[in-house]
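A.B. asks: Chains A and B, in that order, are what the protein sequence lines are.
For reference, each letter of the first sequence is one residue, going 1 to 414 in the working numbering.
For reference, each letter of the second sequence is one residue, going 1 to 368 in the working numbering.
Mixed in with the good hints, there may be bad ones.
To be verified - Straight-line distance between alpha carbons at most 27 Å, and here's what the computed DSS-like set of lysine-lysine pairs gives:
#1 B:K203 x B:K85
#2 A:K163 x B:K50
#3 B:K348 x B:K203
#4 A:K346 x B:K203
#5 B:K203 x B:K50
#6 B:K85 x B:K50
#7 B:K341 x A:K163
#8 A:K163 x A:K93
#9 A:K346 x B:K348
Since the hints were derived computationally from the structure, they do not count as laboratory data.
All values reported here derive from a predicted model rather than from experimental measurement.
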Amino acid sequence: MGGPTGGLEGNAFYRVVYGVVVEDLGWEPWLAYLIAAMVIILIVVNGALALGTLYTWFERRVLGRFQGRLGPNRTGPFGLLQPIADAIKLMFKEDIVPRGADRLVFSLAPVVMLVPTLLVLAVIPFGKGSFLADLNIGVLYIVAVGGITTIAVLMAGYASANKFATFGSMRAVAMVVSYEIPLVMALLGVTLLAASMSVVAIVEAQHLPYLLVAPLGAFVFLTAISAELNRNPFDVLEAESELVAGYLTEYSGMKYGVFMLAEFTNTIVAGAIFAVLFLQGWQGPGLSWLGSQVGFLSFLDTGAVRQIESHAWFLAKVGLFAFVATWVRATLPRLRIDQILALAWKVLFPLSMLNVLVLAVEVIVWPEPSAGELGIMAAINWAVAGAAIFAAARLVSLSTPARGLGPVAAVEAR
Amino acid sequence: MTLRTEPVVVSIGPHHPSTHGVFRMRLTFDGENIVDAEPVIGYLHRGTEKLAEERQYTQVITLTDRLDYVSSMTSNQAFVLSCEKLIGLDVPDRGMYLRVIASELQRIVSHLIGVGFFLQELGGFGGTALMYAFRERERILDLFEMLCGARITVSYARIGGVFADAPADFWPALRRVLDDLPGYTDELEALVFESEIVQARTKGVSVIDPVLAVNASLTGPVLRGSGVAWDWRKAAPYDVYDRVDFDVPVGENGDNYDRFWVRIQEVRQSLRIVEQCVVQIEPGPVRATDAMLFRPPPGEAYVPTESPKGELGFYLVSDGSIAPYRCHVRAPSFINLSLFKEMLVGWKLADAIVSLGSLDFNMGEVDR
Numbered sequence: 001m002g003g004p005t006g007g008l009e010g011n012a013f014y015r016v017v018y019g020v021v022v023e024d025l026g027w028e029p030w031l032a033y034l035i036a037a038m039v040i041i042l043i044v045v046n047g048a049l050a051l052g053t054l055y056t057w058f059e060r061r062v063l064g065r066f067q068g069r070l071g072p073n074r075t076g077p078f079g080l081l082q083p084i085a086d087a088i089k090l091m092f093k094e095d096i097v098p099r100g101a102d103r104l105v106f107s108l109a110p111v112v113m114l115v116p117t118l119l120v121l122a123v124i125p126f127g128k129g130s131f132l133a134d135l136n137i138g139v140l141y142i143v144a145v146g147g148i149t150t151i152a153v154l155m156a157g158y159a160s161a162n163k164f165a166t167f168g169s170m171r172a173v174a175m176v177v178s179y180e181i182p183l184v185m186a187l188l189g190v191t192l193l194a195a196s197m198s199v200v201a202i203v204e205a206q207h208l209p210y211l212l213v214a215p216l217g218a219f220v221f222l223t224a225i226s227a228e229l230n231r232n233p234f235d236v237l238e239a240e241s242e243l244v245a246g247y248l249t250e251y252s253g254m255k256y257g258v259f260m261l262a263e264f265t266n267t268i269v270a271g272a273i274f275a276v277l278f279l280q281g282w283q284g285p286g287l288s289w290l291g292s293q294v295g296f297l298s299f300l301d302t303g304a305v306r307q308i309e310s311h312a313w314f315l316a317k318v319g320l321f322a323f324v325a326t327w328v329r330a331t332l333p334r335l336r337i338d339q340i341l342a343l344a345w346k347v348l349f350p351l352s353m354l355n356v357l358v359l360a361v362e363v364i365v366w367p368e369p370s371a372g373e374l375g376i377m378a379a380i381n382w383a384v385a386g387a388a389i390f391a392a393a394r395l396v397s398l399s400t401p402a403r404g405l406g407p408v409a410a411v412e413a414r
Numbered sequence: 001m002t003l004r005t006e007p008v009v010v011s012i013g014p015h016h017p018s019t020h021g022v023f024r025m026r027l028t029f030d031g032e033n034i035v036d037a038e039p040v041i042g043y044l045h046r047g048t049e050k051l052a053e054e055r056q057y058t059q060v061i062t063l064t065d066r067l068d069y070v071s072s073m074t075s076n077q078a079f080v081l082s083c084e085k086l087i088g089l090d091v092p093d094r095g096m097y098l099r100v101i102a103s104e105l106q107r108i109v110s111h112l113i114g115v116g117f118f119l120q121e122l123g124g125f126g127g128t129a130l131m132y133a134f135r136e137r138e139r140i141l142d143l144f145e146m147l148c149g150a151r152i153t154v155s156y157a158r159i160g161g162v163f164a165d166a167p168a169d170f171w172p173a174l175r176r177v178l179d180d181l182p183g184y185t186d187e188l189e190a191l192v193f194e195s196e197i198v199q200a201r202t203k204g205v206s207v208i209d210p211v212l213a214v215n216a217s218l219t220g221p222v223l224r225g226s227g228v229a230w231d232w233r234k235a236a237p238y239d240v241y242d243r244v245d246f247d248v249p250v251g252e253n254g255d256n257y258d259r260f261w262v263r264i265q266e267v268r269q270s271l272r273i274v275e276q277c278v279v280q281i282e283p284g285p286v287r288a289t290d291a292m293l294f295r296p297p298p299g300e301a302y303v304p305t306e307s308p309k310g311e312l313g314f315y316l317v318s319d320g321s322i323a324p325y326r327c328h329v330r331a332p333s334f335i336n337l338s339l340f341k342e343m344l345v346g347w348k349l350a351d352a353i354v355s356l357g358s359l360d361f362n363m364g365e366v367d368r
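Make the full structure from the sequences, and use the hints.
C.D. replies: Rendered as structure tokens:
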């Protein structure tokens, strides 16, 4: 087999396409590799964008339910065609570039926003043996590529020549500088547990979900990722009640559409990262497990069923993350920028350090933990997490101290 | 080497999501911190006071609807009270009770919207609390529709009473609203006031000193949030407020949190008042006179009332003709804005939006 492989042979779909091209058509192996890879990339990129689009509908529907209203329900069944209607509307909008704007940077920013989101998908295993590349530094790659979106926000804010946009991008940089650190530290905990930086290996090492084994890490990761995603309670970049639309203020038409698509796809991708690192990824009991246990159902215990159900588990976990993200958005107001930075440095950073410390000790004690040993680790970690979060809530206050009005409050009524 | 920085002037409004209409803030920023703040008003000026001088007293009622358009009932009431004092009319009991019921329901609407927007301004996405508030508001507006056929610009009060008696099906509908609202208020209070983030964002922010508040003639929930128990319904009871029992909630710290907390407590007090009115009201005429044209004796009258925003009063001067010689509106929204700069300077942009919201002003009343 010629050409660079990078672990694509493990992909069942790749083997099918490769087999058809090489054996049935009799074409060159390198061409078969190219075609198979292209087909898979096409499916993954379009699938991710379609999920992102679907998520715009999902979020609006679910938010509507949270708020005692219906949400979009006119376009198609259950309003499912609403995202398409929105996209068509956006395409026909006038594409305005403000007079003072830096044209090139202004136009480039939406693309720079969208591309890294899709690049992250390269190392995510979507199912059993279904991934684009099993990079041995997968976690590092996710962090590195994921950080690029901030540059897009900075570009958009700077190029817009708008004060609201400048405020938004200023906040973006302050936030990312603060939140990348706890995020990376939380991922470091996962890497320690799995003894690997490969995302595929991390999924396979999770006999128990790392959400249960390392709750503190999961907490820090969730908080930091919602700051990275610019979602409540950290959505200060485009805080609509303060900054109108933040860095998006001057965008219109499809440029705005691409930004929004990137933002929603980002949430889906973040859900995928959370699913593979903390929720066992594609692992989960299903029909094949039932088949292996119950005799007369053994026809279910086949490779194809395992493939399908592993993808279904992965999608379900991404969906769970998306639902929780929407739930948080419906409930929580936004923190002030100084409180957000204080939270990162005073709470999340120490918590993530503690998480890494505790996990490092545990990994020395149990170098290759079995499911039972993971259970013991989980018990210890839950106790540590509870105590640490309680202590942080007690020790760190984000609020302005209320001083009371003192004796002057007793101003007598006339 | 030190970087040379300079303050940035940002014009927030008149076209902005959270300036309560067409208000404009000219804020000077040093980074995220506000170093100077200046309110710019006048974008909604319609010359209401001048218009009133060219209309008969009865016709002015419709103009008062459009002053504070989320609280028309109380504006109507304030105007007709001044007219009645000028003319020397006695209002029948049932008319006064109906006016108080309508005004207190209107106060609930106004405060619910104020609290709903509070969470919106703090950044609750899509306004969950706002939708809750609007759900309750809708039911109260249905009651107004039963009373007078209109929902927003009601023109329900008349000189000498109210437009008409409440229809028979009004009372069971009111009963249902009164039964449901306490639970809804608890729900809203749990969502907004028990939230850690809300408390971290608003406690201790933009404190108004009570002495300063009195000296700046702030009134209403803004003044009571600063700990001053001053309410015109207690100080100089009009209509039937001397026959009902209610408390005046006051804040402890005078911060943004307290100003909103006072509002949600006043919703409960208003419910208490309406409950008592429903018990006390007796059959009878609702209007002292059917006259549409009045020629008050030359003189002047001013009756201060407690609107949801603060002290609202109409200063009327009569020269004996069918129209007021002068009609001045003491608009609480406008006067409550007088501490704008003191409240905002030193805080951040995010706080400025919330502090502004905590004044709960209405541009229809500010610009008139």
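A.B. asks: Against this structure, judge whether each hint is valid.
C.D. replies: Outcome of the hint check:
Between K203 (chain B) and K85 (chain B) the alpha-carbon distance is near 43 Å, which puts this suggested pair outside the 27 Å criterion. With a CA separation close to 39 Å, the supplied pair K163 (chain A) and K50 (chain B) exceeds the 27 Å bound. Of the pairs offered as hints, the one joining K348 (chain B) and K203 (chain B) holds, with about 14 Å between alpha carbons and a cut-off of 27 Å not exceeded. With a CA separation close to 20 Å, the supplied pair K346 (chain A) and K203 (chain B) stays within the 27 Å bound.
Using a Cα cut-off of 27 Å, the hinted pair K203 (chain B) and K50 (chain B) is violated, with the two alpha carbons roughly 42 Å apart. Simply put, K85 (chain B) and K50 (chain B) have alpha-carbon atoms about 21 Å apart, close enough for the 27 Å limit, and the pair holds. The straight-line distance between the Cα atoms of K341 (chain B) and K163 (chain A) is roughly 21 Å, inside the 27 Å bound, and the hint therefore holds. As the CA atoms of K163 (chain A) and K93 (chain A) are separated by approximately 24 Å, the hinted pair is consistent with the 27 Å bound.
Taking the CA atoms of K346 (chain A) and K348 (chain B), the gap is about 20 Å. The hint holds against a cut of 27 Å.
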